[in-house]
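Between the sequences and the hints, there should be enough to build the whole structure, so can you do that?
Number of protein chains: 2
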Amino acid sequence: MSEYITHDTAEKSVGKVEKKFFTFAEPPNEMLLDSGAKLGPITLAYETYGTLNPDKSNVVLVLHALTGDSHAAGYYSDSDEKPGWWDNMIGPGKGVDTDKYFVVCSNVLGGCMGSTGPSSINPATGKPYGMDFPFVTIGDMVRAQKALMDHLGIEKILSMLGGSMGGMQVLQWCVQYPEMVRSATPLATTMRHSALAIAFNEVSRQAIVADPNWNQGDYYGKKNPDLGLSVARMIGHITYLSDEAMRRKFGRRLQDKEDFSYQFDVDFQVESYLRHQGAKFVERFDANSFLYITKAADYFDLTGFKNTSSAIRVFSMASARFMVVSFTSDWLYPTYQSREMVKAMKKSGLDVSFCEVEAEWGHDAFLMPNKRLTDLIRGFIDSVYQHDSE
Amino acid sequence: MSEYITHDTAEKSVGKVEKKFFTFAEPPNEMLLDSGAKLGPITLAYETYGTLNPDKSNVVLVLHALTGDSHAAGYYSDSDEKPGWWDNMIGPGKGVDTDKYFVVCSNVLGGCMGSTGPSSINPATGKPYGMDFPFVTIGDMVRAQKALMDHLGIEKILSMLGGSMGGMQVLQWCVQYPEMVRSATPLATTMRHSALAIAFNEVSRQAIVADPNWNQGDYYGKKNPDLGLSVARMIGHITYLSDEAMRRKFGRRLQDKEDFSYQFDVDFQVESYLRHQGAKFVERFDANSFLYITKAADYFDLTGFKNTSSAIRVFSMASARFMVVSFTSDWLYPTYQSREMVKAMKKSGLDVSFCEVEAEWGHDAFLMPNKRLTDLIRGFIDSVYQHDSE
Numbered sequence: 001m002s003e004y005i006t007h008d009t010a011e012k013s014v015g016k017v018e019k020k021f022f023t024f025a026e027p028p029n030e031m032l033l034d035s036g037a038k039l040g041p042i043t044l045a046y047e048t049y050g051t052l053n054p055d056k057s058n059v060v061l062v063l064h065a066l067t068g069d070s071h072a073a074g075y076y077s078d079s080d081e082k083p084g085w086w087d088n089m090i091g092p093g094k095g096v097d098t099d100k101y102f103v104v105c106s107n108v109l110g111g112c113m114g115s116t117g118p119s120s121i122n123p124a125t126g127k128p129y130g131m132d133f134p135f136v137t138i139g140d141m142v143r144a145q146k147a148l149m150d151h152l153g154i155e156k157i158l159s160m161l162g163g164s165m166g167g168m169q170v171l172q173w174c175v176q177y178p179e180m181v182r183s184a185t186p187l188a189t190t191m192r193h194s195a196l197a198i199a200f201n202e203v204s205r206q207a208i209v210a211d212p213n214w215n216q217g218d219y220y221g222k223k224n225p226d227l228g229l230s231v232a233r234m235i236g237h238i239t240y241l242s243d244e245a246m247r248r249k250f251g252r253r254l255q256d257k258e259d260f261s262y263q264f265d266v267d268f269q270v271e272s273y274l275r276h277q278g279a280k281f282v283e284r285f286d287a288n289s290f291l292y293i294t295k296a297a298d299y300f301d302l303t304g305f306k307n308t309s310s311a312i313r314v315f316s317m318a319s320a321r322f323m324v325v326s327f328t329s330d331w332l333y334p335t336y337q338s339r340e341m342v343k344a345m346k347k348s349g350l351d352v353s354f355c356e357v358e359a360e361w362g363h364d365a366f367l368m369p370n371k372r373l374t375d376l377i378r379g380f381i382d383s384v385y386q387h388d389s390e
Numbered sequence: 001m002s003e004y005i006t007h008d009t010a011e012k013s014v015g016k017v018e019k020k021f022f023t024f025a026e027p028p029n030e031m032l033l034d035s036g037a038k039l040g041p042i043t044l045a046y047e048t049y050g051t052l053n054p055d056k057s058n059v060v061l062v063l064h065a066l067t068g069d070s071h072a073a074g075y076y077s078d079s080d081e082k083p084g085w086w087d088n089m090i091g092p093g094k095g096v097d098t099d100k101y102f103v104v105c106s107n108v109l110g111g112c113m114g115s116t117g118p119s120s121i122n123p124a125t126g127k128p129y130g131m132d133f134p135f136v137t138i139g140d141m142v143r144a145q146k147a148l149m150d151h152l153g154i155e156k157i158l159s160m161l162g163g164s165m166g167g168m169q170v171l172q173w174c175v176q177y178p179e180m181v182r183s184a185t186p187l188a189t190t191m192r193h194s195a196l197a198i199a200f201n202e203v204s205r206q207a208i209v210a211d212p213n214w215n216q217g218d219y220y221g222k223k224n225p226d227l228g229l230s231v232a233r234m235i236g237h238i239t240y241l242s243d244e245a246m247r248r249k250f251g252r253r254l255q256d257k258e259d260f261s262y263q264f265d266v267d268f269q270v271e272s273y274l275r276h277q278g279a280k281f282v283e284r285f286d287a288n289s290f291l292y293i294t295k296a297a298d299y300f301d302l303t304g305f306k307n308t309s310s311a312i313r314v315f316s317m318a319s320a321r322f323m324v325v326s327f328t329s330d331w332l333y334p335t336y337q338s339r340e341m342v343k344a345m346k347k348s349g350l351d352v353s354f355c356e357v358e359a360e361w362g363h364d365a366f367l368m369p370n371k372r373l374t375d376l377i378r379g380f381i382d383s384v385y386q387h388d389s390e
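For the record, the sequence lines run as chains A and B. Take the first sequence: its letter number 274 is residue 274 in the numbering used here, and every next letter is one higher. Take the second sequence: its letter number 309 is residue 309 in the numbering used here, and every next letter is one higher.
Incorrect hints may appear among the rest.
Identical copies carry no separate label here, and so any pair may be met within one copy or between two of them.
With a Cα cut of at most 35 Å, we get these calculated DSBU-like pairs of lysine-lysine [what the hints assert, rightly or not]:
(1) Lys146 - Lys257
(2) Lys346 - Lys257
(3) Lys222 - Lys347
(4) Lys156 - Lys127
(5) Lys371 - Lys38
(6) Lys127 - Lys371
(7) Lys222 - Lys371
(8) Lys343 - Lys12
(9) Lys127 - Lys347
(10) Lys38 - Lys257
(11) Lys257 - Lys56
(12) Lys346 - Lys249
(13) Lys127 - Lys223
Read the hints as simulated data drawn from the structure, not as lab findings.
Quick look at the structure:
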């Protein structure tokens with residue numbers, strides 16, 4: 001996801017929020033991962049917005065994308081320049097209305113924003129895991145989120161939603177813990193990572209491991225592989241936009257100059273944008289987390305769950321009401337992939353609606369303020385909530 | 001361009017060919033470049049196939065893409081595993097019929113396959129130019145090719161054709177030396193490099209300069225920036241294919257294994273393919289040439305020629321007959337960009353035909369054996385030749 005464009009109406013924000021932590025899977029009760037490895041203890045960083053009602057029937061679970069985190073809405077302090085990454089969607093009166101719903105968002109397992117990941121201390125060595133961190137899958141991320149729900153005493157989730165890799169978690173939740181999910185909105189996502197999406201992730205990973213500072217993942221306390229991670233991020237940003245979006249946003253406009261430099265400086269605005277995004281990213285993200293999380297996304301194939309080998313069979317395990325949303329200009333997870341998903345959901349008898357939202361911003365569109373998207377999400381969650389209350 | 005898939009019918013090949021060299025622009029008569037810098041002496045490596053007829057009216061000029069070279073057809077020796085890069089198109093009885101036409105192809109200025117480029121010896125220092133090599137543009141490449149035509153005594157070019165960056169040179173030729181070009185076929189190309197295309201090139205360049213072995217371009221005789229160049233090539237290969245092509249070619253198939261490795265090894269075939277392409281490329285290409293040539297492509301905007309700022313005005317300088325060809329699945333230079341070009345050509349009164357060829361292979365399609373493309377090119381060149389002979 002690129003810049004998080006948000007409404008700047010602070011009065012509509014959830015306001016001051018706090019990052020919380022939950023630790024579980026203490027040895028010898030470590031969590032068994034899909035790879036067969038065990039991991040523990042595990043900490044998840046999470047945030048909540050709104051108030052849990054007495055019968056705990058108003059829970060909305062938000063799942064973040066590749067480089068997102070638990071900070072989905074609000075501000076940590078008055079001096080924060082930006083609110084959480086989906087502040088335009090989550091808040092009082094917004095698409096996910098915190099006046100009505102209790103919203104939970106946690107940083108994924110394998111991440112680097114407070115949840116256990118490769119930069120966390122390995123209790124066996126007292127040093128960061130690095131490449132000794134075990135492989136995690138989307139299923140493992142969901143398993144950890146389930147433990148958090150148990151900890152919060154939540155047995156039913158009214159609605160869950162997430163875009164991109166967040167959408168993969170939504171889908172995984174619906175088949176892994178079907179009895180817990182009443183409704184789900186996977187946005188700008190896919191039920192299996194395509195060759196093209198794998199290709200972009202693989203090149204990004206190669207950019208990181210090509211950086212000598214990466215040092216086989218053992219760089220903590222030394223020099224970070226910033227150059228490699230920056231290139232990886234630049235690749236990502238190209239995939240988050242679209243040909244059309246780039247043409248509108250940058251075209252061939254030059255950056256602070258009248259004519260070509262005839263040097264290897266920045267000439268074009270698009271070059272400046274990409275370099276800036278790369279440089280910003282390395283300040284907040286861990287390169288090893290990037291490697292692990294992209295691989296988890298690449299491994300994602302919902303039909304691999306319980307070896308169904310069939311989208312229809314795997315969705316037969318689900319019982320949630322679905323609203324699937326794709327975006328016209330998204331070429332990372334194009335609409336046809338959402339249509340395939342919807343077709344399989346219908347064939348397996350699920351209640352599903354589908355909407356392709358007109359948007360010029362490419363894959364990033366799911367994060368942008370968009371009245372149509374906001375209305376869709378508000379309407380969907382409200383209808384499920386009302387139906388449940390009747 | 002990815003693997004050069006060629007017909008394996010050796011009897012239809014032009015057979016044994018030889019790389020030749022032409023040196024010009026000796027000091028003090030150096031060539032003035034678009035940047036204002038001067039360069040000389042300049043050597044161009046080139047090859048010819050077929051026989052020049054007595055009135056020199058059967059010349060076909062082939063222009064190569066980013067990482068191509070002068071070796072467009074035939075074999076250097078009996079032990080060559082592969083023929084030149086466009087052997088499926090150029091040869092006796094083929095699309096560009098060497099029984100009728102005299103074909104010339106030269107390595108671009110700035111290249112690394114025999115023509116003067118950053119890896120050439122700088123006569124001022126006795127060492128490779130490295131980053132002291134001056135910037136070259138598509139216009140400069142064409143200027144050097146014009147010198148080669150003069151050297152060969154060729155005043156009129158019956159037809160010129162080229163794909164991708166070769167197509168940019170075709171377009172440039174038609175406005176820079178309009179009196180010399182009778183007909184032209186730009187394939188899978190654009191009249192101005194888009195923000196998306198610039199973005200991919202910029203990330204590729206950043207991957208190279210991030211490699212410490214790049215050493216500000218001063219790596220000759222030391223360690224080459226192979227890891228950076230390899231990542232750059234991998235990025236390129238993604239853009240040469242399409243979502244559809246990747247799905248058909250690789251899908252989510254695993255490479256030599258039954259299940260996920262849960263390691264950072266190659267799992268998927270597409271990963272293996274990309275790593276292989278990266279590793280192969282560094283054996284044949286110079287990283288600095290990659291930097292210079294991609295920048296030349298990024299600078300390419302035909303409407304910048306003589307500051308016309310208008311596609312219609314710039315094409316008014318041309319007089320060639322055009323056949324513009326795009327490919328359905330090419331998302332690097334999509335069909336709409338060819339249509340814009342064709343529209344401007346028509347408005348400026350040129351004789352132009354346009355064909356969008358159905359092809360699933362993405363941008364790479366222009367290099368693949370394709371009967372429709374072969375027939376189009378054969379028909380176009382023959383019709384111009386017959387018209388001229390009448």
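Here's how the hints hold up against the structure:
1. Lys146 - Lys257: Close across copies (32 Å), not inside one copy (53 Å); limit 35 Å.
2. Lys346 - Lys257: Cα proximity of Lys346 and Lys257: across copies only (33 Å, versus 55 Å in one copy).
3. Lys222 - Lys347: Answer is neither; intra-copy 53 Å and inter-copy 61 Å both fail.
4. Lys156 - Lys127: This pair counts as neither: shortest intra-copy Cα distance 38 Å, inter-copy 72 Å.
5. Lys371 - Lys38: neither (44 Å within a copy, 56 Å between copies)
6. Lys127 - Lys371: Neither: 47 Å inside a copy, 61 Å across copies.
7. Lys222 - Lys371: neither (46 Å within a copy, 57 Å between copies)
8. Lys343 - Lys12: For Lys343 and Lys12, the Cα distance exceeds 35 Å both inside one copy (37 Å) and across copies (49 Å).
9. Lys127 - Lys347: Neither. Shortest intra-copy (50 Å) and inter-copy (69 Å) distances fail the 35 Å Cα cut-off.
10. Lys38 - Lys257: Classified as between; 23 Å across copies, 56 Å inside a copy.
11. Lys257 - Lys56: neither (58 Å within a copy, 46 Å between copies)
12. Lys346 - Lys249: between (38 Å within a copy, 29 Å between copies)
13. Lys127 - Lys223: Both, since 16 Å and 34 Å are each at most 35 Å.
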